[in-house]
Each structure stands twice: as C-alpha cells, then as structure tokens.
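Asks: Each chain, letter by letter, is given below.
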Amino acid sequence: MTRHEPATAQPRAAVRRDARQKVTGEARYAVDRTPPGCLHACPVPAAVARGRVTAVHADEILRRPGVHAVLTHENAPRLGDADDPTLALLQEDRVPHRGWFVAVVVADTPENARAAADALRIDYAPSEHDVRLSADHPRLYTPEKANGGHPAVRERGDFDTAFAASPVRLDATYTMGALHNHPMEPHAATAWWDDDGLTVYDSSQGATTVRDVLARLFRQPQQRITVVSAYVGGGFGSKGTPRPPAVLAAMAARHTGRPVRLALPRRDLPAAVGHRAPTVQRVRIGAAADGTISALAHDVVTQTSTVKEFVEQAAVPARTMYTSPHSRTTHRVVALDVPTPSWMRAPGEASGMYALEAAMDELAEAVGVDPVELRLRNEPDAEPDSGKPFSSRGLAECLRDGARRFGWAGRDPRPGVRRDGDVLSGTGVAAATYPVLVSPSRASAHAAPDGRFVVRVDATDIGTGARTVLAQIAAEALGAPLDSVRVELGSSRLPDAPVAGGSSGTASWGWAVHKACAALRATLASDPGRTLPPEGVTVEADTKEEAGRTYPYARHAFGAHFAEVRVDTATGEVRVGRLLGVYAVGRVLNARTARSQFIGGMTMGLGMALTEHSTMDPSFGDFRERDLASYHVPVCADVPDIEAHWVEEHDPHLNPMGSKGIGEIGIVGTAAAIANAVHHACGVRLRDLPLTPDRLLPLLTTRASAP
Amino acid sequence: MKPFAYVRPERTEEAVAHLAAHPGARFLAGGTNLVDLMKLGVTGPPLLVDLGALPLDGVAETPDGGLLVGATARNSDVAAHPVVRTRYPVLSQALLAGASPQLRNAATTGGNLLQRTRCPYFQDTSTPCNKRVPGSGCPAREGVHRDLAVLGHSAHCVATHPSDMAVALAALDAEVRLRGADGERTVPVTAFHRLPGDRPDLDTVVAPGELITGVALPAPPPGALSAYRKARDRASYAFALASVALVLTVEDGRVGHAALAFGGLAHKPWRARAAEEVLRGAPATAETFRRAADAELAAAEPLRDNGFKVPLARNLAVGLLGDLASRATAAAA
Numbered sequence: 001m002t003r004h005e006p007a008t009a010q011p012r013a014a015v016r017r018d019a020r021q022k023v024t025g026e027a028r029y030a031v032d033r034t035p036p037g038c039l040h041a042c043p044v045p046a047a048v049a050r051g052r053v054t055a056v057h058a059d060e061i062l063r064r065p066g067v068h069a070v071l072t073h074e075n076a077p078r079l080g081d082a083d084d085p086t087l088a089l090l091q092e093d094r095v096p097h098r099g100w101f102v103a104v105v106v107a108d109t110p111e112n113a114r115a116a117a118d119a120l121r122i123d124y125a126p127s128e129h130d131v132r133l134s135a136d137h138p139r140l141y142t143p144e145k146a147n148g149g150h151p152a153v154r155e156r157g158d159f160d161t162a163f164a165a166s167p168v169r170l171d172a173t174y175t176m177g178a179l180h181n182h183p184m185e186p187h188a189a190t191a192w193w194d195d196d197g198l199t200v201y202d203s204s205q206g207a208t209t210v211r212d213v214l215a216r217l218f219r220q221p222q223q224r225i226t227v228v229s230a231y232v233g234g235g236f237g238s239k240g241t242p243r244p245p246a247v248l249a250a251m252a253a254r255h256t257g258r259p260v261r262l263a264l265p266r267r268d269l270p271a272a273v274g275h276r277a278p279t280v281q282r283v284r285i286g287a288a289a290d291g292t293i294s295a296l297a298h299d300v301v302t303q304t305s306t307v308k309e310f311v312e313q314a315a316v317p318a319r320t321m322y323t324s325p326h327s328r329t330t331h332r333v334v335a336l337d338v339p340t341p342s343w344m345r346a347p348g349e350a351s352g353m354y355a356l357e358a359a360m361d362e363l364a365e366a367v368g369v370d371p372v373e374l375r376l377r378n379e380p381d382a383e384p385d386s387g388k389p390f391s392s393r394g395l396a397e398c399l400r401d402g403a404r405r406f407g408w409a410g411r412d413p414r415p416g417v418r419r420d421g422d423v424l425s426g427t428g429v430a431a432a433t434y435p436v437l438v439s440p441s442r443a444s445a446h447a448a449p450d451g452r453f454v455v456r457v458d459a460t461d462i463g464t465g466a467r468t469v470l471a472q473i474a475a476e477a478l479g480a481p482l483d484s485v486r487v488e489l490g491s492s493r494l495p496d497a498p499v500a501g502g503s504s505g506t507a508s509w510g511w512a513v514h515k516a517c518a519a520l521r522a523t524l525a526s527d528p529g530r531t532l533p534p535e536g537v538t539v540e541a542d543t544k545e546e547a548g549r550t551y552p553y554a555r556h557a558f559g560a561h562f563a564e565v566r567v568d569t570a571t572g573e574v575r576v577g578r579l580l581g582v583y584a585v586g587r588v589l590n591a592r593t594a595r596s597q598f599i600g601g602m603t604m605g606l607g608m609a610l611t612e613h614s615t616m617d618p619s620f621g622d623f624r625e626r627d628l629a630s631y632h633v634p635v636c637a638d639v640p641d642i643e644a645h646w647v648e649e650h651d652p653h654l655n656p657m658g659s660k661g662i663g664e665i666g667i668v669g670t671a672a673a674i675a676n677a678v679h680h681a682c683g684v685r686l687r688d689l690p691l692t693p694d695r696l697l698p699l700l701t702t703r704a705s706a707p
Numbered sequence: 001m002k003p004f005a006y007v008r009p010e011r012t013e014e015a016v017a018h019l020a021a022h023p024g025a026r027f028l029a030g031g032t033n034l035v036d037l038m039k040l041g042v043t044g045p046p047l048l049v050d051l052g053a054l055p056l057d058g059v060a061e062t063p064d065g066g067l068l069v070g071a072t073a074r075n076s077d078v079a080a081h082p083v084v085r086t087r088y089p090v091l092s093q094a095l096l097a098g099a100s101p102q103l104r105n106a107a108t109t110g111g112n113l114l115q116r117t118r119c120p121y122f123q124d125t126s127t128p129c130n131k132r133v134p135g136s137g138c139p140a141r142e143g144v145h146r147d148l149a150v151l152g153h154s155a156h157c158v159a160t161h162p163s164d165m166a167v168a169l170a171a172l173d174a175e176v177r178l179r180g181a182d183g184e185r186t187v188p189v190t191a192f193h194r195l196p197g198d199r200p201d202l203d204t205v206v207a208p209g210e211l212i213t214g215v216a217l218p219a220p221p222p223g224a225l226s227a228y229r230k231a232r233d234r235a236s237y238a239f240a241l242a243s244v245a246l247v248l249t250v251e252d253g254r255v256g257h258a259a260l261a262f263g264g265l266a267h268k269p270w271r272a273r274a275a276e277e278v279l280r281g282a283p284a285t286a287e288t289f290r291r292a293a294d295a296e297l298a299a300a301e302p303l304r305d306n307g308f309k310v311p312l313a314r315n316l317a318v319g320l321l322g323d324l325a326s327r328a329t330a331a332a333a
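So the protein sequences, as listed, match chains A and B.
Okay, so the first sequence: first residue is 1 according to the working numbering, each after it adds one.
Okay, so the second sequence: first residue is 1 according to the working numbering, each after it adds one.
These are calculated hints, taken from the structure and not from any lab test.
Using N, Cα and C, we set each Cβ at its ideal position, and we do this for glycine too.
Careful: at least some of the hints might be erroneous.
With beta-carbon atoms standing in for the labels, derived distance ranges [as the list claims (entries may be wrong)]:
| hint | chain 1 | residue 1 | chain 2 | residue 2 | range |
| --- | --- | --- | --- | --- | --- |
| 1 | B | Arg254 | A | Arg404 | 51 to 57 Å |
| 2 | A | Gly257 | B | Val7 | 35 to 41 Å |
| 3 | A | Arg404 | B | Glu61 | 43 to 49 Å |
| 4 | B | Val7 | A | Arg419 | 54 to 60 Å |
| 5 | B | Ala80 | A | Leu376 | 27 to 33 Å |
A few chain A residues that face chain B, going by a derived Cβ cut-off under 7 Å, partial list only [claimed, not checked]:
| hint | residue |
| --- | --- |
| 6 | Asp32 |
| 7 | Pro35 |
| 8 | Ala115 |
| 9 | Arg624 |
| 10 | Val635 |
| 11 | Leu697 |
Some chain A residues flagged as far from chain B (calculated, every beta-carbon gap over 12 Å) [claimed, not checked]:
| hint | residue |
| --- | --- |
| 12 | Arg17 |
| 13 | Gly25 |
| 14 | Gly80 |
| 15 | Ala117 |
| 16 | Ala119 |
| 17 | Leu140 |
| 18 | Ser425 |
| 19 | Gly536 |
| 20 | Gly607 |
| 21 | Phe620 |
| 22 | Leu628 |
| 23 | Val647 |
Build the full structure now, drawing on both the sequences and the hints.
Replies: Next up, the structure:
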C-alpha cells in the first residue's frame with residue numbers, strides 16, 4: 001500500500017484541510033441542508049427509447065397526500081437557450097432516449113415525491129429506435145471537431161503508401177463498452193428563489209459555470225444567481241457541465257415558490273449525467289524490423305446522442321506519442337437514441353491510449369523487441385502532429401525509472417509460461433500522456449491586520465485537495481506560514497473561476513492565486529513599516545492574459561504504467577497483483593494529495609480494464625447495469641499493491657508553480673498495462689474491454705479441460 | 001416508497017399471527033434485500049413484521065451431533081461460529097464469499113434463503129418480468145442475461161438464485177424449519193427453492209404466512225472435508241458467475257460420500273445428483289471428476305450470452321473435487 005507520511009508534514013505534503021470535516025460528517029454537501037419550507041422533487045425518467053409524450057396523468061398524482069406539483073413540458077417554466085440541449089428539460093414532448101426526464105414530482109417528503117413519481121402514469125407515442133453502435137453503421141459521419149476542440153481528422157505524409165511498404169504491419173481493432181462515472185455523491189441540488197434571486201447548492205465541478213448557465217436558462221443577470229459547491233463527493237467529469245438536478249430544482253422552486261431539494265437516485269445516473277462513449281478503434285502501425293514506426297493510423301468510431309454531439313477524442317493521443325512520419329488519425333460518430341456521452345476522467349486519452357498502447361505491445365511482440373525498449377526507440381524529437389518541440393517530455397525517464405522500480409529487467413517475453421496450478425501470471429507496461437491545459441481565472445488575496453491572509457477563488461474541491469494545495473500556493477507566494485492562510489472556495493460569490501476539469505484546476509486557479517498573492521506581497525513589502533487599516537488590504541488578480549497566451553511548445557504530462565496480473569485459467573478471473581505508475585508532471589505541489597490522485601486514477605483504470613461492464617439493452621435502449629451491485633467498480637479487495645512515483649521535472653514553460661495536471665493521467669495507460677499483462681500471462685490477446693471471465697474463459701486452456 | 005405499518009413482536013406465534021391476519025404483510029429480518037426491493041417499487045408490503053426481537057438468533061449444537069442455526073442469526077456470526085468453521089467449513093466459506101462485511105453483519109440466515117433474484121429486469125419496474133408481474137413476459141431470455149441461468153430454466157423465467165449460503169446448505173443436506181398458523185414442518189434445503197416452470201413468481205415452497213425459524217444441519221459424515229469456491233467479476237461484493245459447494249469423503253482411493261451443489265446456474269441451489277451418482281464409489285481421480293461434472297452439466301441449456309458458465313462450473317467442480325481429494329488422501333497418509 002502507499003507509504004505513510006509523518007503527520008507533521010512539510011508544506012509539500014500538507015494534510016488535507018477538510019479531512020476532519022469530511023470524516024466527521026461536518027462537511028455539508030448539496031442536499032445536506034434543508035431550508036425552511038423545503039419541498040422535495042423526484043424526476044421521472046422516460047420509459048421509451050424514442051418517441052413523444054402524449055399525456056401525463058398528473059391529476060391522479062396531485063390528489064395524493066403531500067404532493068405539491070407535477071412539472072411537465074406543458075407547465076414547466078420556459079427556459080432560455082444555454083447552448084446545452086441536455087439542459088432543455090421539460091420544454092417539449094420529444095423523448096430522445098430512455099431515461100430522459102419527462103416530468104418532475106414535487107412533494108413534502110422525499111418518500112412521497114418518489115412514490116408519486118413511481119406512480120405517475122405517462123402515455124407515449126413510441127417510435128422505432130436505434131441504440132446499436134457498429135463500425136459499419138450507415139449513419140456514421142465525420143464531425144468537424146472532437147471533444148476538446150481537436151480536429152476530427154489529421155494527416156501527415158502518406159500513410160497508405162508507407163504502411164503498405166512497411167516490413168512489419170500491425171492492424172488491430174479494439175473495442176470497449178460504455179463506462180459510467182458514478183461518483184460517490186450522486187448529482188443533487190437544493191434551490192430557492194428570494195428577493196436576491198436564485199440560490200442553488202449544487203454538486204458540481206464548477207459553480208461559476210453553473211451560475212452562468214442558470215443565468216441564461218432562467219434569463220437572469222448573473223448577479224442574481226448564487227451557486228454554492230462547497231463540498232463535492234466526486235464527479236470524474238460528470239459534474240463538469242451543469243446537470244439536470246440544478247435546473248429541475250430551480251424550475252420546481254420557481255413553480256412552487258418554495259425551496260426544493262432534488263437528488264438523483266443512483267439508477268438514474270447512467271442516462272442523465274453522461275458516460276464514456278463506447279468506441280471501436282482500429283490501429284494500424286507500419287514499422288521497420290527494429291520496431292521503428294514509419295506509419296501510424298488510429299481510426300475511431302464512437303457514438304453520441306440525438307440531443308447533442310459529443311465525440312470522444314480517442315485518436316488524439318496518437319498525434320503526440322510516437323515517431324510517425326506518415327500518420328492519419330480520424331474520428332467518426334453516429335447519433336443514436338442513447339443518452340448523451342460526456343466527460344469521464346481523461347476523455348479521449350483513457351480510451352485512445354488503451355488501443356494505442358495495446359497495439360504497441362502487439363508490435364513489440366511482432367518485432368521481438370522489449371516493450372519498454374520499443375517505446376524508447378520511437379521517442380520523437382518534436383510533437384509529431386504539430387512539429388512543436390516539447391516543453392518537457394519525461395516519458396523515457398518514466399519508463400526507465402518504472403522498469404527499475406518494478407524489476408522489469410530480464411523479463412521473459414514469452415507468454416503463457418509462468419504457471420502455478422491453474423494460475424498464469426504475467427507483466428505488462430504502457431505509456432500515459434495527458435495535455436497541459438489552463439483557463440483564465442480570477443482570485444483575490446486579503447491581508448488582515450492580525451497577520452492572517454484570506455484567499456478567495458471559486459475553485460471546486462471535488463476531493464482532489466484543491467483547498468489544501470491552493471493554500472500552499474498562496475503561502476509560498478506570500479512568503480507566509482501555511483496556517484496563516486485561509487482559502488475560501490466553492491461559491492459563485494467568490495472571484496470567477498473555471499471548472500475542476502481537464503486536470504487544469506490547480507494550474508488555472510493556482511496561477512490566479514499566485515498572482516494575487518505575489519501582488520499582495522509586493523504591496524505589503526512596498527511599505528514594510530505600515531500598520532494595516534482595520535479592513536485590511538485586498539488585491540485582485542485575473543489571468544486572462546497569461547492563460548490565453550499561445551506557446552511555441554507542445555505541453556504534455558507523461559507517465560509509465562507497469563502491471564502484474566494473475567489469470568485463473570479455470571475461471572477466467574483476472575486479479576491484479578501489482579500496479580506501479582511513474583509520472584513526469586512538472587513540479588508536484590503536494591505529495592500526499594498527488595499520490596491520491598495517481599492511485600485513484602490507476603484504480604479507475606483497473607476497473608476499466610477488468611470489472612466495469614455496461615450493457616446497452618437493445619430492446620429498451622437502457623444501460624442495464626444501473627446500480628453499484630451490478631456495475632462493478634473495483635472494491636478494496638481488487639486493488640493490490642499500488643505505487644505511484646514521479647520524476648523531478650523542471651519545466652519553465654508552464655505556470656508560476658511549474659506544475660502539470662495530475663488528476664487524470666493515472667487512468668491513462670493503466671487499462672493497457674493490465675491488458676498487456678493478461679496477454680503476457682496467458683497468451684490470449686483479447687481486444688475488447690473489460691476482460692471479464694465470460695470473454696476470457698472460452699479462450700483459455702485449463703488443467704481440467706486437458707485430456 | 002409506499003407507506004407501511006411496522007410491528008416488532010417478541011414471540012414467534014405473534015409474528016406468525018400478524019402475517020395470517022394481514023394479507024401481503026412481510027417478515028423483516030436484516031432488510032438487506034427486502035428494503036432495496038421496496039425502494040425500487042418491486043414490492044410494497046402494507047405491514048412489516050420485524051423479527052429482530054424474536055429468540056431465533058442462536059446457533060446451537062443438537063444432540064444428534066448436528067447444528068441448529070436460528071433464522072435471525074446474522075451471516076457474519078454464523079460464518080465466525082467455531083463449530084461452523086471447524087465442522088462445516090463450506091458454510092463458513094460460502095457466507096464469507098457473499099456480499100460485504102456490512103451486509104453480512106445485517107443479513108440473516110432466513111433472509112439469505114429468501115433473497116430474490118438480481119435479474120436486472122426483475123429489479124426494474126419499467127420493464128416486463130414474469131417473476132414480478134406474472135404473464136408480462138421475460139425480456140431476459142433475449143436480452144441481457146450473461147449472469148442468468150443455464151440449468152432448469154423455463155420459457156417464463158431464466159433467473160438465478162443469488163445466494164452463496166444456500167448452495168453450501170444444499171450440499172450439507174440441511175433442512176429448513178418452518179412454522180405456520182397450522183404448526184411446524186421441515187423441508188430439505190434442496191426442495192425449498194423451486195424451479196421457475198410456469199410460476200416463476202414463486203421462488204420457494206414457503207406457504208403464505210409461514211415463518212422460517214431455523215436451519216438444521218445434520219452431523220457431517222465422519223472424515224468429510226468440505227469447501228466452497230466461487231467465480232466472480234471482482235474479488236469481493238459480486239454475485240457468483242458460478243460457484244460450487246462440496247462435501248467429500250475418500251476411502252482407500254475411492255469416493256465415499258459426495259455432495260456437490262452449484263450456485264449461479266439456476267433458479268435454485270443446484271444439487272448435482274447425476275454427478276454424485278458418478279462419483280460415489282468411483283476412484284478419486286481427475287478422470288472421474290471430469291466425468292461427474294460432465295454428467296451433471298449435460299443438461300445445461302445455455303442462453304446466447306452465458307455459455308461460459310458451463311465450462312466455468314465444470315472447471316470449478318473438477319478443481320474443487322481434485323483439491324479436496326488430495327487433502328483427504330494426504331490426511332489419510
């Protein structure tokens with residue numbers, strides 16, 4: 001397990017500031033407060049996969065004790081356009097997918113709301129639906145952009161000719177089903193309207209963004225809307241965009257004139273808050289006999305909904321990773337009658353690097369080169385796609401350091417030869433990458449006469465440790481002791497800040513905090529003898545200019561993952577024995593919270609590789625696994641000896657802290673490392689995640705089936 | 001959740017009388033499954049009769065060398081009981097293979113027997129299900145059924161019984177003690193759960209109003225070894241893809257007593273009588289074990305996506321037979 005740090009930590013391993021509040025229950029989450037007169041809302045998911053609502057028999061429900069209102073497309077407040085059609089709730093009779101909310105029941109208790117919602121009769125005019133993704137779907141199209149604003153298609157050189165001329169050619173297709181974010185705290189909100197406007201306690205990854213969107217939906221000036229996301233029980237991207245609870249609670253509060261609380265039941269999440277879209281990924285690599293890559297194509301097919309286009313940018317990491325003079329990377333998508341996919345931890349990189357890194361393992365086997373060495377041989381001098389030099393690229397160091405720590409040297413490359421009874425064991429490696437992203441942010445720094453400081457920024461701590469790390473950044477910039485700094489975050493009343501997403505929170509918020517604190521320090525230093533006025537001194541900062549700069553560098557974090565697995569050939573069960581990650585992520589600001597991010601990401605990658613299985617039910621258009629008993633997130637017993645390390649990296653082209661994002665890179669490459677280890681263990685190359693016993697067992701040979 | 005009444009009687013007769021007087025009422029023990037089903041809208045009893053105050057939570061040795069496990073004895077307590085651990089290891093192992101520590105601390109012996117299938121269509125009131133709404137249809141047969149039955153299913157239902165404990169009890173020849181308004185009766189665990197046939201709404205032979213008061217385990221056969229093995233998607237807190245419980249004796253290289261039961265394959269814990277027939281008196285060899293497993297699983301009728309369960313169950317059975325036979329031989333030597 002992870003190393004224990006001494007409790008009296010240096011700033012670089014400062015203890016989580018909200019740890020005590022969280023473990024004692026003192027921390028208040030979005031529905032942990034009940035304003036006077038609060039009502040409770042329960043949404044009603046559509047029971048058809050496509051069609052129209054023809055009647056809502058609300059009158060039957062309104063007669064029930066405790067029921068205050070039923071909101072439908074017929075009576076709900078009309079919303080403005082917020083440029084996110086997933087939030088155009090109860091505006092029309094159209095049902096774009098099963099689970100789309102078609103009504104909200106408001107009652108005096110959560111139990112009454114839920115019972116009434118279950119009992120509400122709704123008539124539909126269903127239409128034929130299509131929820132099946134296939135690589136030859138007739139309605140596939142090439143979008144303009146994939147998620148993150150990446151061009152859907154990029155070409156360099158002449159892939160087809162170079163591939164055809166390559167002495168070694170790999171052509172493999174990798175598939176994975178949908179994955180679900182399932183944060184511990186479901187999406188939830190408490191909302192009320194008063195003379196000051198609308199207040200929403202929302203479980204979100206960015207209160208400023210939620211405020212801006214609610215302002216547009218409810219046609220209010222931003223100042224009349226307050227969004228508080230003080231404590232958030234995880235999001236993994238699914239709370240990075242505003243979600244139905246905030247909108248529906250605000251609508252219901254406006255309709256009833258009372259505060260309204262709404263928490264989604266777990267079973268509603270898969271259809272209502274996004275998912276990682278399934279992908280079919282074809283990877284072709286043409287290489288010389290020594291493994292040097294000359295041609296690389298990564299062609300991604302994925303799905304979106306008919307509500308909104310979201311394209312998982314799985315071919316994008318291939319534009320950064322390896323030498324590839326001739327390259328083609330493409331995305332095609334089909335709009336199906338399914339829930340709208342969205343961000344899930346490292347969208348694009350997590351899925352794309354599974355395919356690319358599994359393909360690299362296959363190439364290593366084909367050319368007889370050690371998989372670590374193969375990656376080192378294909379290290380590019382500059383980013384292949386952009387031609388820009390890397391601001392820093394620590395992949396080689398991560399691979400070498402990881403190989404040393406893991407004991408990779410002398411590994412027997414032969415698959416299927418390490419047997420203990422029914423159990424075969426093996427090891428695998430995969431690389432990881434994640435881009436350096438940053439957004440403009442504001443922050444303020446305040447010096448009080450008693451020598452204490454307050455930093456204010458509408459950052460969100462979704463469990464990452466932002467509260468703690470921002471205090472460290474402030475203390476360092478101020479030259480003040482850590483415990484003299486208080487951080488206020490998680491409210492749109494604080495200086496505007498971007499979402500906790502894209503592994504950019506610390507860089508974006510931290511830069512503004514650093515700027516405000518440096519300016520405050522300069523102000524204080526300019527007149528060292530003076531006594532501060534009773535109201536103290538406040539300095540504000542905005543990094544619009546700094547964060548908007550373009551750099552002549554390709555900026556990415558890198559990492560290397562090593563896994564050891566055991567495959568039970570009698571059952572098809574795969575268990576992970578060891579996981580080790582080494583990262584090159586600029587300067588690590590807090591060793592304790594950083595380690596948690598890395599091992600959390602790796603654990604999620606383990607789930608992606610082995611346990612998290614979701615089935616789209618073709619007749620109903622539903623994800624069938626909708627609770628935590630059937631959607632198998634790894635449990636403690638699945639998570640082995642797991643280690644995270646990082647190499648020293650000094651990159652002057654990042655931000656004043658010298659940091660790269662660390663929230664997502666832990667998941668990237670983990671699934672491939674495990675899948676590669678499964679192949680090394682048992683010789684089976686299964687190109688379809690997750691590697692569950694039903695898929696693996698038919699391909700294995702066991703003692704019992706031997707003659 | 002539908003409003004319901006709640007009583008907590010202190011005497012067993014009282015509890016039984018409550019059920020007789022209130023059609024649709026249900027007994028509440030650990031609540032680890034019933035309360036979930038109430039929240040999901042799968043069931044909505046008007047009255048819950050809490051068994052928590054009844055004197056049924058004991059585990060006691062019986063004069064015939066067996067063990068009587070009370071209906072409300074907690075799964076965690078039974079698993080940790082010294083007599084269970086030493087004389088019925090298959091039961092202790094099966095209990096510990098189920099659920100999570102928190103659930104086992106709440107779940108009871110009787111409740112575990114009566115838990116309902118985790119078939120996703122059964123638990124989703126927006127879809128048809130013959131078990132939940134008789135006659136509405138079975139979408140699982142053509143739909144998502146990787147986890148469902150390969151043995152004994154019917155056109156009406158392909159659900160599996162989710163219990164691990166019950167599989168061990170089936171191999172131990174345990175009996176369920178029932179008490180109804182008309183008195184007491186005893187049913188072997190192997191006859192306690194039903195196959196779905198055309199009445200998948202009926203999981204068991206328990207008559208309306210009958211209360212499980214306990215489970216009686218006979219004395220284990222002299223020299224018997226027993227064990228439980230389970231395959232699942234993750235290392236803990238997952239239902240069995242397939243499981244096997246075994247009680248075995250080997251004498252002079254030949255199988256003596258052999259009681260084999262499968263979990264995760266059928267609407268009930270599946271006692272493998274055909275396999276036992278092959279095993280009894282046969283040489284304790286891998287060849288015998290393979291033949292025995294095949295004899296049982298020849299009856300399997302896998303659905304489109306759960307064919308893997310047949311080799312899985314076979315491998316589990318052959319592996320466990322081999323392991324226990326080796327241990328028995330080693331112990332005899």
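Asks: Does each hint hold? Answer for all of them.
Replies: Results for each hint:
Between Arg254(B) and Arg404(A) the C-beta distance comes to about 55 Å, which sits within the given range of 51 to 57 Å. Between Gly257(A) and Val7(B) the beta carbon distance is about 40 Å. The supplied range of 35 to 41 Å therefore holds. Evaluation of the 43 to 49 Å hint for Arg404(A) and Glu61(B) yields a failure: the beta carbon distance comes to about 58 Å. Taken as a hint, the range 54 to 60 Å holds for the pair Val7(B) and Arg419(A), whose Cβ atoms sit roughly 59 Å apart.
A beta carbon spacing of about 53 Å between Ala80(B) and Leu376(A) contradicts the range 27 to 33 Å that was offered as a hint. Annotation: interface hint on Asp32(A) violated; nearest CB of chain B at approximately 20 Å, more than 7 Å. Interface restraint check: Pro35(A) against chain B, minimum CB-CB distance 23 Å, threshold 7 Å, status violated. The criterion of a C-beta within 7 Å of any C-beta in chain B is met by Ala115(A), whose closest approach is roughly 6 Å, and the hint holds.
Satisfaction of the interface hint for Arg624(A) is found here, the shortest Cβ-Cβ separation to chain B being roughly 4 Å, below the 7 Å cut-off. Residue-level restraint check for Val635(A) holds (minimum Cβ-Cβ distance to chain B is 5 Å; threshold 7 Å). Evaluation of the Leu697(A) hint against chain B yields a held restraint, the C-beta minimum of about 5 Å falling below 7 Å. Distance to chain B confirms Arg17(A) as a non-interface residue, since its nearest Cβ pair spans about 29 Å, more than 12 Å.
Distance check on Gly25(A): its Cβ is at least 17 Å (rounded) from any Cβ of chain B, clearing the 12 Å threshold; non-interface status holds. Look at Gly80(A): its CB is around 32 Å from the nearest CB on chain B, clear of 12 Å, so calling it non-interface holds up. Annotated as non-interface, Ala117(A) brings its C-beta within 12 Å of a C-beta of chain B; the closest such distance is 10 Å. Not every CB of chain B is more than 12 Å from the CB of Ala119(A) (nearest about 9 Å), against its label as outside the interface.
Every CB of chain B lies more than 12 Å from the CB of Leu140(A), the least distance being 25 Å, so the non-interface label holds. Taking the minimum C-beta to C-beta distance to chain B, about 16 Å, the non-interface status of Ser425(A) holds against the 12 Å cut. Its beta-carbon lying about 49 Å from the closest one in chain B, Gly536(A) satisfies the requirement of being farther than 12 Å from that chain. Distance check for Gly607(A) against chain B: the nearest CB is about 9 Å away, which does not clear 12 Å, and the non-interface claim fails.
Interface exclusion of Phe620(A) from chain B breaks down, the closest Cβ pair being 6 Å apart, not more than 12 Å. Not every C-beta of chain B lies more than 12 Å from that of Leu628(A), the closest at about 9 Å, which undercuts listing it as non-interface. For Val647(A), the requirement that its beta carbon stay farther than 12 Å from each beta carbon of chain B is met, with the minimum near 32 Å.
The earlier numbered hints that this structure contradicts are 3, 5, 6, 7, 15, 16, 20, 21, 22.
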